[in-house]
Amino acid sequence: MTLTGMILELLTGLAVSVEIFVFTLLIALPLGFPIALGRMSRNPLVSGFFRIYISIVRGTPLMLQIIFVYFAPYIFFGMPLSRYPRILAAVLAFGFNYAAYFAEIYRGGMLSIEHGQREAAMALGLDKRQTFFRIILPQTIKRVIPAVGNEVITLVKDTSLAFTIAVTEMFTVAKQLSSANTTMTPLIAAGLFYYIFNYIVAYAMERLERHYSYYSC
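For the sequence shown, the working numbering begins at 99 and goes up steadily by one.
Where hints are given, some of them may not hold.
As the list claims (entries may be wrong) - In silico DSS-like cross-links for lysine-lysine, where the CA-CA straight-line distance does not exceed 30 Å:
{"no.": "1", "residue 1": "255", "residue 2": "240"}
{"no.": "2", "residue 1": "255", "residue 2": "226"}
{"no.": "3", "residue 1": "226", "residue 2": "240"}
Simulated from the structure, these hints should not be mistaken for laboratory data. Bear in mind the structure is a predicted one, so any value in this text is a computation, not a measurement.
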């Protein structure tokens, strides 16, 4: 296969990797907030449930979670695997995994806000809902952007784990091409694509961090 053909094949796999990346963020970023709030709940049953959820997600390999999510509908409901798209299983596994990590980042951000600000908001007549959305949430978002950025960059590389259930993302395509053509060129090209992808994401997160920085000029 020519170099041009290999690049076109890799770009097809890259499109799948980008799809997994984008849909994972669409699930994980918003889902992390209710998980964080549940983890901080004063109800011991609620906080205990989310504590266990986060512990399981962070304590088991993402690869194992992908396999579990893919086979769970068949194991528990007898759903034929042919009716369950592999990429959907990958996105759900990534989404629920990263939501747990984002939840802990959000929780740390919310706990870092001084209690006096809540008291001041109450003194101004704001209720708990208004205090959260007008005072706590905006500051939390600003404070967690660097940590969230690190997780987002990690996600770029973790998309390669979708090969576990034979999703033909870029890493899988690169391995197939390398094996079929007995050359390392596809793997090197894939590494370059991952680096460029990661560089773009890192640059975007850095710009976002500067935009919301308290001390930006």
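List in ascending order the numbers of the hints, as given earlier, that are violated by the structure. Going through the list in order, the structure violates hint 2 alone and respects the others.
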